[in-house]
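Protein chains in written order, with UniProt numbering: chain A, 1 to 608; chain B, 1 to 608.
Hint data in this document are derived by calculation from the structure and do not stem from the laboratory. None of these values were measured; they are calculated from a predicted model. Misleading hints may appear alongside valid ones.
Treat identical chains as interchangeable: a pair holds within one or across any two.
Under the rule of at most 20 Å between Cα atoms (straight-line distance), these lysine to any residue pairs were calculated in the SDA-like manner [claimed, not checked]:
1. Lys419 - Met1
2. Lys359 - Arg30
3. Lys6 - Glu187
4. Lys63 - Glu111
5. Lys276 - Gln362
6. Lys6 - Phe185
7. Lys63 - Leu4
8. Lys276 - Ala358
9. Lys388 - Lys426
10. Lys454 - Leu390
11. Lys454 - Leu434
12. Lys276 - Arg37
13. Lys6 - Asp186
14. Lys370 - Arg475
15. Lys3 - Glu111
16. Lys3 - Glu421
17. Lys333 - Leu363
Here is how the chains run, residue by residue.
Number of protein chains: 2
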Amino acid sequence: MDKLPKCAANCTPLSPLTFLTRAGSVYADRTSVIYGRTHFTWRQTYERCCRLASSLQSLNIVKNDVVSVLAPNVPALYEMHFGVPMAGAVLNTINTRLDANNIATILRHSEAKVFFVDYQYIPVASEALRLLCEPVANASQPANIPLVIVIDDVDSPTGIRLGELEYEELVHGNRNYAPIIDQLFDEWDPITLNYTSGTTSAPKGVVYSHRGAYLSTVSLILQWEMGSEPVYLWSLPMFHCNGWTFTWGVAARGGTNVCIRNTCAPDMYRAIEEHKVTHMCCAPIVFNILLEGIRTPDQAINTNQSEFVLKSPVQILTGGAPPPAALVEKIEKLGFHVTHAYGLTEATGPALVCEWQAKWNQLPIHEQSKLKARQGVSVLSLAEIDVKDLETMVSVPRDGKCVGEIVLRGSSIMKGYFKDEEATNKAFKNGWFLTGDVGVIHPDGYLEIKDRSKDVIISGGENISSVEVETVLYRHPNVLEAAVVAMPHPFYGETPCAFITLSMRKSSPASASDQKTEGEIISFCRKNLPHYMAPRKVVFLEELPKTSTGKIQKFQLRALAKTYTPSSSSSSSVPPAAQSSKIQITRRRYVPDDNQPQLEQVLAMSRL
Amino acid sequence: MDKLPKCAANCTPLSPLTFLTRAGSVYADRTSVIYGRTHFTWRQTYERCCRLASSLQSLNIVKNDVVSVLAPNVPALYEMHFGVPMAGAVLNTINTRLDANNIATILRHSEAKVFFVDYQYIPVASEALRLLCEPVANASQPANIPLVIVIDDVDSPTGIRLGELEYEELVHGNRNYAPIIDQLFDEWDPITLNYTSGTTSAPKGVVYSHRGAYLSTVSLILQWEMGSEPVYLWSLPMFHCNGWTFTWGVAARGGTNVCIRNTCAPDMYRAIEEHKVTHMCCAPIVFNILLEGIRTPDQAINTNQSEFVLKSPVQILTGGAPPPAALVEKIEKLGFHVTHAYGLTEATGPALVCEWQAKWNQLPIHEQSKLKARQGVSVLSLAEIDVKDLETMVSVPRDGKCVGEIVLRGSSIMKGYFKDEEATNKAFKNGWFLTGDVGVIHPDGYLEIKDRSKDVIISGGENISSVEVETVLYRHPNVLEAAVVAMPHPFYGETPCAFITLSMRKSSPASASDQKTEGEIISFCRKNLPHYMAPRKVVFLEELPKTSTGKIQKFQLRALAKTYTPSSSSSSSVPPAAQSSKIQITRRRYVPDDNQPQLEQVLAMSRL
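Construct all of the structure, not just a fragment, from the sequences and the given hints.
What follows is the structure, given as structure tokens:
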């Protein structure tokens with residue numbers, strides 16, 4: 001049986017590009033992309049991508065060249081997910097929230113040959129290009145300067161340019177597409193290059209293969225049970241793990257992509273109403289935007305109901321951070337149906353999905369939300385997941401209690417970090433990918449994250465999961481966001497310090513300082529947690545520091561927490577109620593920026 | 001980027017075996033298999049399969065050894081789909097409807113090392129083993145005699161044995177499973193060996209790879225939108241393309257397998273009612289069993305309704321033959337929801353699925369049934385499908401009219417035919433797999449089969465699709481089954497000849513000869529078809545000859561048709577009504593058997 005040969009008929013390379021070819025054929029007349037008044041069909045999207053690929057080839061883009069793009073969720077960015085790899089090139093989507101310095105670093109590291117820039121991002125892109133031209137210490141040769149192509153707004157052209165070329169001209173310019181797929185590529189070839197947002201370290205360039213992208217896409221559609229003809233709202237940035245594979249997935253299902261330039265509540269609610277959106281992805285932070293958004297006066301579709309509910313349910317896949325159970329409960333009351341996924345850039349986005357079980361429908365809603373906040377079971381593209389003691393590589397017992405590092409293996413794991421052999425080698429151990437996250441496996445096989453390895457607080461020899469403390473904080477009716485980190489403690493070594501933003505709805509900033517005291521929060525935690533796990537310090541901020549992808553930057557908060565010492569009166573022997581009057585509320589606006597000088601400013605402010 | 005290495009963490013072999021490992025872990029306590037009063041959980045099924053694999057290894061089964069099995073849809077057959085390849089071996093499921101001679105041929109050709117036999121099939125298996133021991137002309141060496149292991153009924157043990165070993169003893173005997181998967185295999189390794197039923201030629205051994213099986217399984221679950229926790233009724237034999245991949249697919253979804261020994265209406269309706277079946281697969285012929293079955297007196301669940309309807313809808317995936325639109329309409333009225341798929345053994349079962357479009361819901365039910373009878377769009381594991389002129393390999397226009405051969409390529413296509421290089425080479429051409437089926441592509445991208453290449457009737461230079469004539473025949477209220485083949489015609493070369501069985505419901509055998517004349521049927525066809533396409537001969541049989549998998553054996557009917565000549569009075573110039581009284585109705589019981597002597601008997605009978 002080993003003699004039976006592989007041939008082009010029975011062993012074609014796995015690639016998400018086949019999803020577009022197929023959609024262009026079997027879903028030809030269905031709407032593929034909606035953006036403002038602009039609508040495309042799958043036949044058109046297929047042709048536009050072919051023309052883009054052809055134009056890139058005529059610009060001398062060859063196999064494995066990197067094509068970078070800085071754009072919001074506009075049709076051009078969607079099309080590049082197919083058109084760029086169709087030309088054999090590797091798509092590098094750059095986070096639009098980065099500053100010029102970070103963008104220049106990525107352009108330099110990726111050696112991008114082409115740089116597509118949405119017209120709105122010309123100022124920061126120009127500055128990045130200027131920085132790119134500057135000589136860098138230790139660089140053996142000057143940086144390659146990419147060909148710059150502006151993306152004007154396809155729906156409302158502005159005429160703004162940066163250089164000579166514009167995206168639509170490329171799409172309209174070339175009819176003679178010579179496909180590079182099929183004959184010329186191997187499924188292990190790179191398809192995209194995604195730089196991590198760097199919650200814990202410098203950005204690294206994560207490379208996906210065609211095979212990994214195909215398998216991740218298929219598994220995730222399957223796991224989320226995305227049926228036929230979905231209408232998918234682009235609330236999640238496409239630059240985030242290629243939209244958690246749904247850039248390719250919507251093509252696989254012949255669905256409709258609803259593109260929006262800004263992820264604000266009015267635009268999201270309008271799109272949901274107008275295009276009958278069925279699916280969307282977002283980080284839990286967007287739940288807050290949606291919850292606050294229904295109260296804004298300019299929100300077009302408030303249906304005069306005292307209690308706003310969506311006309312038809314919208315499936316939300318959420319991840320990036322564990323969604324607090326209380327927040328899930330709130331958003332579901334509006335008619336959103338939340339599925340919780342866990343993933344990371346290195347695992348092509350979501351790797352675990354909290355698959356719902358029918359029997360859980362019998363449970364009280366509060367219990368359901370708790371189950372829903374668990375990270376769940378592996379998608380089918382992963383061969384195996386486990387929680388291990390990293391020293392011994394022995395699996396922890398499946399008791400929901402013993403913590404260990406979450407490890408993954410399977411075809412949805414990245415090829416590795418681009419030009420970073422050391423980091424690549426460090427990420428893989430004994431045939432496993434190490435996530436750097438700490439978790440438990442429950443007896444029912446569902447995994448639950450307890451923390452990032454670096455976020456575990458070790459207090460008096462006990463491990464405290466910051467996520468567990470945060471979960472309790474989120475249950476407090478006035479807490480909008482919470483982040484818990486270690487602060488130094490003279491006796492215990494470390495102790496939890498909580499950073500909190502308050503809900504606008506329940507408490508206005510003016511009244512907050514009077515009503516919501518640190519003591520009340522600590523007391524609340526002590527009622528709901530073992531005493532040693534309750535924070536000994538609560539700091540109120542107007543905003544929490546976040547990465548460009550919306551993840552809370554705990555390393556910033558850790559730096560801040562180091563400047564505090566726990567009040568001696570907050571020891572466990574003193575009843576929390578007695579402490580409340582003594583403790584001053586710290587309430588500051590956080591200026592989100594990764595730069596050290598600005599961090600210093602915040603630290604200075606916090607010392608005021 | 002090419003330097004980034006494949007490793008065990010990021011490039012694991014694709015195999016459906018990972019579905020079982022995963023199910024045993026994340027769906028551990030859910031019911032995996034139900035058979036009578038016997039219930040297993042996924043934890044148990046995983047352990048039983050490991051033990052089976054281990055026992056096979058201790059019986060000296062090594063990589064690529066063939067393990068054959070002759071059994072109905074019992075739990076043992078399900079478990080072998082995992083346990084046998086876990087030991088590195090190749091599973092060969094033998095059609096239980098074959099005779100001893102055919103079984104011996106398969107055992108000889110496959111060189112089976114082990115032969116599992118369900119207790120019910122001991123007589124035919126013993127005879128096959130006897131034949132296997134006989135010397136064969138042209139054989140270079142005596143046939144290998146496999147180790148025989150009987151499968152007793154797990155729910156009601158009979159104690160019947162053939163040889164010393166019994167399946168449950170194997171499963172209970174060995175705790176030390178040394179897994180061969182992962183480290184030891186390549187995804188291109190064989191997983192199963194399925195002999196075609198041979199509608200047109202001698203059986204060939206189709207080999208699937210682990211990769212092909214994995215990808216086919218995932219695509220088919222996705223295309224059928226099989227959600228979580230399905231309850232799957234085994235109405236389709238598992239020996240038929242490994243249950244169209246659902247042997248592996250139910251594990252992938254953590255569903256429940258409802259096994260039944262016989263595919264009879266009472267057992268199917270009882271299982272549907274008792275276990276809340278959500279999904280089942282079957283050939284359209286089973287629709288007739290279900291339709292007739294609701295009228296039988298021993299049917300336990302007739303709910304005293306004048307119009308029987310299922311309590312909750314059951315999804316049916318059907319294929320193997322195009323389901324007549326009228327039949328789809330009838331079965332859907334009972335509460336079954338039909339999805340039509342097209343496939344063949346060489347494409348790991350279903351390769352095209354008639355994906356439903358929401359807008360079709362607006363159409364009249366008759367139009368819907370017609371759309372539903374089309375073969376549809378490719379599953380995602382196929383890279384491409386097309387309809388081509390085989391001479392030029394040029395694609396036909398997508399107009400729903402131009403016919404050509406249906407060709408496929410992608411990872412769900414077989415590795416090839418075992419020990420048959422010539423047939424393998426013939427099946428592949430220019431990077432395509434040739435299905436031997438003739439079809440059209442509609443402007444909306446949906447494919448529709450017109451015929452098997454060999455079944456096209458060429459009459460006066462015009463191609464007549466036998467399926468098209470059959471579709472009209474099925475619309476006649478009294479027609480239960482219809483098959484149309486070519487018969488010789490002195491002027492036109494060939495002309496259609498129809499073989500028909502009548503519906504029991506509408507016409508009893510006694511009255512049929514009086515009421516339903518050949519002329520009436522021909523007249524009906526001429527009203528609904530171009531005249532040249534209407535049959536010039538109609539033969540009434542009590543049963544149509546079928547393969548062991550329920551496909552009508554047109555080659556038998558063609559042989560029969562050759563013995564007829566069209567009545568000269570049935571030329572198009574004579575009004576059909578005028579002919580009816582002249583033509584004698586031929587009504588015979590067909591004895592289904594492939595053997596030439598018996599065919600001769602039938603031919604003799606038909607001349608009576």
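To see whether the hints hold, each was checked on the structure:
1. With identical chains, the CA atoms of lysine 419 and methionine 1 are at most 20 Å apart between copies only, with a shortest distance of 8 Å across copies and 40 Å within one.
2. In this assembly of identical chains, lysine 359 and arginine 30 lie within 20 Å of each other by CA distance solely across copies; the values are 11 Å between and 37 Å within a copy.
3. In this homomeric assembly, lysine 6 and glutamate 187 come within 20 Å of each other (Cα to Cα) both inside a single copy, at 14 Å, and across copies, at 12 Å.
4. In this assembly of identical chains, lysine 63 and glutamate 111 lie within 20 Å of each other by CA distance solely inside one copy; the values are 14 Å within and 47 Å between copies.
5. Taking CA atoms no more than 20 Å apart as the test, lysine 276 paired with glutamine 362 passes between copies only; the shortest distance there is 18 Å, against 29 Å inside one copy.
6. Within a single copy, lysine 6 and phenylalanine 185 get their C-alpha atoms as close as 15 Å, and across copies as close as 16 Å, so both meet the 20 Å cut-off.
7. Within a single copy, lysine 63 and leucine 4 get their C-alpha atoms only as close as 31 Å, which misses the 20 Å cut-off; across copies the closest is 16 Å, which meets it.
8. In this assembly of identical chains, lysine 276 and alanine 358 lie within 20 Å of each other by CA distance solely across copies; the values are 13 Å between and 26 Å within a copy.
9. Taking identical chains as interchangeable, the C-alpha atoms of lysine 388 and lysine 426 lie at most 20 Å apart only when both belong to the same chain, with a minimum of 16 Å there against 51 Å between chains.
10. Taking the closest pair of Cα atoms, lysine 454 and leucine 390 come within 20 Å of each other only inside a single copy of the chain (14 Å); across copies the shortest separation is 63 Å, beyond that limit.
11. Proximity of lysine 454 to leucine 434 under the C-alpha cut-off of 20 Å is restricted to the intra-copy arrangement: shortest distance 13 Å within a copy versus 57 Å between copies.
12. In the homo-oligomer, the alpha carbons of lysine 276 and arginine 37 lie at most 20 Å apart inside one protomer (16 Å), although the nearest pairing across protomers, at 46 Å, exceeds that limit.
13. In this assembly of identical chains, lysine 6 and aspartate 186 lie within 20 Å of each other by CA distance both inside one copy and across copies; the values are 13 Å within and 13 Å between.
14. Taking the closest pair of Cα atoms, lysine 370 and arginine 475 come within 20 Å of each other only inside a single copy of the chain (11 Å); across copies the shortest separation is 55 Å, beyond that limit.
15. In the homo-oligomer, the alpha carbons of lysine 3 and glutamate 111 lie at most 20 Å apart only across protomers (16 Å), although the nearest pairing inside one protomer, at 43 Å, exceeds that limit.
16. Taking the shortest alpha-carbon separations for lysine 3 and glutamate 421, only the inter-copy value of 9 Å comes in at or below 20 Å, while the best intra-copy value is 37 Å.
17. When the C-alpha separation of lysine 333 and leucine 363 is checked against a cutoff of 20 Å, the pair qualifies only within one copy, where the shortest distance is 16 Å, while the shortest distance between copies is 35 Å.
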